[in-house]
Structure formats: structure tokens, C-alpha cells
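Protein chains in written order, with numbering that gives the first Met the number 0: chain A, 0 to 327; chain B, 0 to 327.
The reader is advised that the hints may include incorrect statements.
Partial selection, computed: residues in chain B whose CB lies under 8 angstroms from chain A [claimed, not checked]:
#	residue
1	M19
2	S20
3	P23
4	N25
5	M81
6	L110
7	L112
8	R115
9	M118
10	A124
11	N132
12	N135
13	E143
14	M147
15	M149
Straight line, CA to CA, 16 angstroms or less: simulated EDC-like cross-link-like pairs of lysine to aspartate or glutamate [to be verified]:
#	chain 1	residue 1	chain 2	residue 2
16	B	K270	B	E244
17	B	K164	A	E264
18	B	K312	B	D191
19	B	K275	B	D250
20	A	K164	B	E22
21	B	K193	B	E300
Note that these hints are calculated values from the structure, not bench results.
Just so you know, even glycine gets a beta-carbon here, dropped at the ideal spot from N, CA and C.
Residues per chain are reported as follows:
Number of protein chains: 2
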Amino acid sequence: MQTLRQILEEIQSYSDGQEMSREPHNLYDPIAYILQLGGKRLRPALVLMGYNLYGDDTKKALPAAFAIELFHNFTLMHDDIMDNAPLRRGKPTVHVRYDRNTAILSGDAMLILAYRYLMSVDADARVCTEAINIFNRCALEVCEGQQMDMDFENRTDVSIPEYLKMIELKTAVLLGAALEIGAIIGAAKQDDAKHLYEFGRKLGISFQLQDDILDSFGDPATFGKKVGGDISQNKKTFLYLHSLETAEPADREALWNWYHSAVDESRSAEKIEAVKQIFLRCGVVDRANELKNRYYHEALENLRMVAIPETAKATMYGFAADLMQRSV
Amino acid sequence: MQTLRQILEEIQSYSDGQEMSREPHNLYDPIAYILQLGGKRLRPALVLMGYNLYGDDTKKALPAAFAIELFHNFTLMHDDIMDNAPLRRGKPTVHVRYDRNTAILSGDAMLILAYRYLMSVDADARVCTEAINIFNRCALEVCEGQQMDMDFENRTDVSIPEYLKMIELKTAVLLGAALEIGAIIGAAKQDDAKHLYEFGRKLGISFQLQDDILDSFGDPATFGKKVGGDISQNKKTFLYLHSLETAEPADREALWNWYHSAVDESRSAEKIEAVKQIFLRCGVVDRANELKNRYYHEALENLRMVAIPETAKATMYGFAADLMQRSV
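This is chain A alone, in the form it adopts within the complex:
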């Protein structure tokens, strides 16, 4: 069994070995650019960890791991256009650094490349088709999640179940699919593969809820993104939706007004602080933590159900714990 560190090194070395400097350069250079911006490589790590529960020759699963990383970066490239985002990991986004058309077309090519890497896994044709089927379902769900997220911007009646569905589709299913694809390449039994999928999916929802909490209440020194971003952008997160449901009338009206009227840039800090105070008065952080922990413990339950010795799951348990501590 490999450690997470070994797995991340293997991914980095495989990724470095992929030649993206091809013609036409205007198509392939932006792909190399976004890949070298870094990131935590959580998703490809999950493919290798899923595989590693069943097989030792992790090289076999590396093309699939890279496929998942390509897919994830394809979604970032296109989402950044849709969100008009200037920066990604502190560097100019592709549509800013190059241009919008480039970001559209290079993103398309990345999605196709993801399929190509997935097909290059050295496995039985049945394994390949199963991996592609899992990937197809997940990729379409990620698009559906992104659409729901955009739809929410113009809606005033978003419910908490709808919000949870959105983060499940936009973020969580890819973690599940990464694990499931890795397990399938390792010839895992169907039941195991499904439990690993569920483990990843629930862990993903838990992870996103934590991200929502940190976005408003995280330590600016360690969070990595600007604290208060969700509030500035009027994101209808669990914190907002639950506060709106439970706040006293005056707080409810104030919260609604902050989110539904144009706020001048100069009053952005004031808005963030006011909304955070409302969140705190609603005790919503505790509620979010409860919900996060519920998904986390359900995720661990699925991991426990995977029919291999508990000792073989050490890296996976460690990964899940680290993710919730945000040390990976």
C-alpha cells in the first residue's frame, strides 16, 4: 500500500511526462498552462488510492488518474469563463491570459483528451467501457450541477435540499467516480466499487460544506481564498439558506437586503461583517458542522463496508481525516 505522499509524487511525475506542447500551439499551450498552475491533485489521488486497495501496480491506473485531473481542469477552464473569474490559484485564468475563444476550444480539447487517457488504461475492454460509463454519468452530472449553481443566482426560492443536490452534482460525484474508476481498474467487486463511490460522494458533500464554513469563517492566513467571497458574490450556500429560514424577522430582512441589492465595492467589508454576524446569531455554523459531520460519518460507514481488511484502508482513512482537517 502506497502512502498519500508517494501517490502524489507518482501523479506529479506522470503529469510532468505528458507532452502537451503540440501543434497548433494556441490549442495546447493553455492546457499545459492550467495544468502547471498546480492544485492539490486530490481527484487523481483518489483514482490511485481506489486502485491501490486492490492492486500494487499503480502505473496501471495513472492514465485514468490523469484523465480525471484533465476533466477537473476542463471544468475549471470553462467555469472561469462563465464566472468571469480573473484569477485561478493566484494566476490569470486562461480566458484572461489568452482569450475567451481559446478558453472555450482548449477546454473542449481537454475534455476529449480526458476520454483519450481514460481509454489508454491498459486493461480489458470491459473495464475500459465500465470506466467510460462511470465517467460519462459523472461528467454530465457535473454539468448539471454547474447549471443549477448558475440558475440559483437568479432564483429567490432555493431550498436546502436543492442546494445539497447542487453541491453533490457539481463537486461530490467526481470524488466518488474517481474512487470507483480506480477500484474498477483494480478489478474490485461491484459492491466494493459502489461503496467506494458512496464514500467519495458523501466525503465530497462534507468537504464542500466545510468549504462553505471556511469561506466565511476560515483563517485568512491558511484558507487560500479570500475569506467572505461567497458573501460578496451572494452565493446561496447552506449558511445563507439556513439563516434565512431560521433568523429573527429583523435579521432575516437585513440578510435578504444585503443579498438582493447592489452593494458598492467600498461597502464590501461592511457587508461581509454584517452577514457573518447574522450567520452567528442564527447558530448556523454549528448546524453546518453537524451536517458536515453527518455526511463524513456516513462516508466512513461506506468505507468500512468495503470488503477488504481495515488495515489495507489506512491511506484512505488518513486521506479523509486530512481532508476534513484541510491539511491536504
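With the hints as your guide, set chain B onto chain A.
Below, chain B without anything else, positioned relative to chain A:
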């Protein structure tokens, strides 16, 4: 053996039976919208015709045919954003009718759906993986062709071989891949599948050269698009590139100037007429026709090499002839 008309009816009926009215509607409605705009359905017809050379149960190849049509419409949806095109088949383009973000994300979903339909072909896993491999290579080439086309806009040194490469990638390889995938589903031998691919590829180049000629010299009543569009948009087609190489100095300078200076909308007709006269003085239509016919006859040579009775290829020969007569 089915006639082209029967094949087109089968495609229409399958396409009508596909439920695209799913949630979230903002993601799926634009897909239904672009599909119902129509079009000649040449590419899915090629899948069925390729299959029909080897098998009678065309239902088997219908999901792959629909996948190819989805892919083609995905490229149209994204190309229309990149080209800022207001109309497609006389109707508002998706990014105009809905918005730009919708056209990006619905296009992405269409590409994924194409893979999903391709995987739903009722065939051996080996056949599916082979079809996906052909599709992957072709899809990436189509992106490369689109990138070359965009690059050409800003280049002044485009050569005729580069132009032919661009139309091969952007247009022709998909015709080849459609036939090859159909043939593979029909369990054709590798040699046959390759000849059919080459037949489609060369027919595609021939078709595009004809489109270039018609774009400048076609009959406005039957061409379907506005005659002179390529000239208005300074498209570096074979007509332009060959004229630039062979024109007398005065014509050469005039042609260069028309293409490299801003021309007011009010002088558009004058520009089209002046450039057409230069084209005619260079005898470039004859040259384009010669080249078109060379590719066409080479294509027919590949079709002849397909190791089945010539009588079984009647629909295919008819299709190729109709395409060159532009009656399909």
C-alpha cells in the same frame, strides 16, 4: 440495402424519440433547440450507410449515428460563439437565443452525451472501445482544425497545403470517422474500415472545396447561405490563396488590400464583386474544380477498394454523386 431516403427517415425518427426535455431545463433545452433546427443529417447518414454495407439491422448503429450528430452540433454551438454568429440555419444561434454561458455549458453536455450514445451501441465491448478510439482521434482533430482556422485569421503567410490540412481536420475527418464507426459496428475488416475512412475524408475535402467555390460563385437561389460570405469575412480559402499566388501584380495588390483593410458595410457588395473578378481573372475556379475532382476521384478509388460487391455500394456511390451535385 437501404436507400438514403430510408436511412434519413430512420435517423429522424430515432432523433425525435430522444427525450431531451430534462432537468435542469436551462442545460438541456438548448440541446433540443439546436437539434430541431434541422440540417442535412449527412454525418449520421454516413454512420448508417457504413454499417449497412455489412449488416441489415441498422437499429444497431442508430445510437452511434445520433452520437455523431450530437458531436457535430456541439461543434456548431461552440463555433458560433467563437465566430460571434447571430444565425444558424436562419434561426438565432444558441448564445443569442439563450446566452453565452448557456451555449458553453450546453455544448459541453452535448459532447458528453455524444460519448454516452456511442457507448450505448449494442455491441461487443471491443467494438465500443474501437469506436470510442476513432471518435476521440477525430474529435481532437476537429478542435485542431477549428484552432487552425482561427489562427489563419491573424496570419498573412497561410499556404495552400496548410489550408487543405485545416479543412481536412475541421470538416473532412468527421465524415471519414462516421463511416469507419458504422463499418466497425457492422464488424467490417480493418482494411475495409480504413478504406471507408479514407473515402469519407477525401470526399469531405472535395465537398469543402466545392463549398468554397459555391460560397463565391454559387446560385443565391439554391446555395442556402449568403453568397460572398467568405470574401466578406476575409476567409483565406483556396480561391484566395491560389489567386494571391498567381495573380498579376496589380490584381495581387488589390486582392491583398481588400483582405487587409477595414471595409465599410456599405462597400461590402463592391468588395465581393471586385474580389470575384480577380478570382475569375486568375482562373482559380477551374483550379479549384480540378482539385475538388482529384479528391473526389481518389475517394471513389478508396470506395472501390472496399472488399464487398460493387452492387452493395450503390447507396454510397449515389450519396457521393448527390453530394457533389449538392442535391443532398
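Consistency of the hints with the structure:
Because the closest C-beta pair between M19 (chain B) and chain A is about 12 angstroms apart, greater than 8 angstroms, the hint is violated. The restraint placing S20 (chain B) at the interface with chain A is violated, with a minimum CB-CB distance near 14 angstroms, outside the 8 angstroms limit. Residue-level restraint check for P23 (chain B) holds (minimum Cβ-Cβ distance to chain A is 4 angstroms; threshold 8 angstroms). For N25 (chain B), the suggested interface contact is upheld, since its CB lies about 6 angstroms from the closest CB of chain A, less than 8 angstroms.
Interface hint status for M81 (chain B): upheld, as the beta-carbon distance to the closest one in chain A is roughly 4 angstroms, under 8 angstroms. Proximity of L110 (chain B) to chain A holds as hinted, the smallest CB-CB distance being about 6 angstroms (cut-off 8 angstroms). The interface hint given for L112 (chain B) is met, as the beta carbon of that residue sits about 7 angstroms from the closest beta carbon of chain A, less than 8 angstroms. At a threshold of 8 angstroms, the smallest CB-CB gap from R115 (chain B) to chain A is about 5 angstroms, leaving the interface hint in force.
Interface restraint check: M118 (chain B) against chain A, minimum CB-CB distance 6 angstroms, threshold 8 angstroms, status holds. Hint on A124 (chain B) holds. Least Cβ distance to chain A is approximately 4 angstroms, under the 8 angstroms limit. Interface hint at N132 (chain B): satisfied, since its Cβ lies 6 angstroms from the closest Cβ of chain A, which is below the 8 angstroms cut-off. Taking 8 angstroms as the C-beta contact cut-off toward chain A, the hint placing N135 (chain B) at the interface holds, the least distance being around 5 angstroms.
At about 6 angstroms, the closest approach between the beta carbon of E143 (chain B) and any beta carbon in chain A falls short of 8 angstroms, and the interface hint on this residue holds. The closest approach between the C-beta of M147 (chain B) and any C-beta of chain A is roughly 6 angstroms, which is under the 8 angstroms cut-off, so the hint is satisfied. With 8 angstroms as the threshold, the beta carbon of M149 (chain B) comes within range of chain A, its nearest partner Cβ sitting at about 6 angstroms, so the hint holds. Distance hint between K270 (chain B) and E244 (chain B) is unfulfilled; the C-alpha atoms sit about 19 angstroms from each other, more than 16 angstroms.
Restraint check for K164 (chain B) and E264 (chain A): not satisfied, since their Cα atoms lie roughly 50 angstroms apart, outside the 16 angstroms limit. A hinted pair counts as satisfied when its Cα atoms are at most 16 angstroms apart, and K312 (chain B) with D191 (chain B) qualifies at roughly 12 angstroms. In summary, the hint linking K275 (chain B) to D250 (chain B) is supported, as the alpha carbons are separated by about 11 angstroms, within the 16 angstroms threshold. Note on K164 (chain A) and E22 (chain B): the hinted pairing holds, with a Cα-Cα distance of about 12 angstroms set against a maximum of 16 angstroms.
The straight-line distance between the Cα atoms of K193 (chain B) and E300 (chain B) is roughly 13 angstroms, inside the 16 angstroms bound, and the hint therefore holds.
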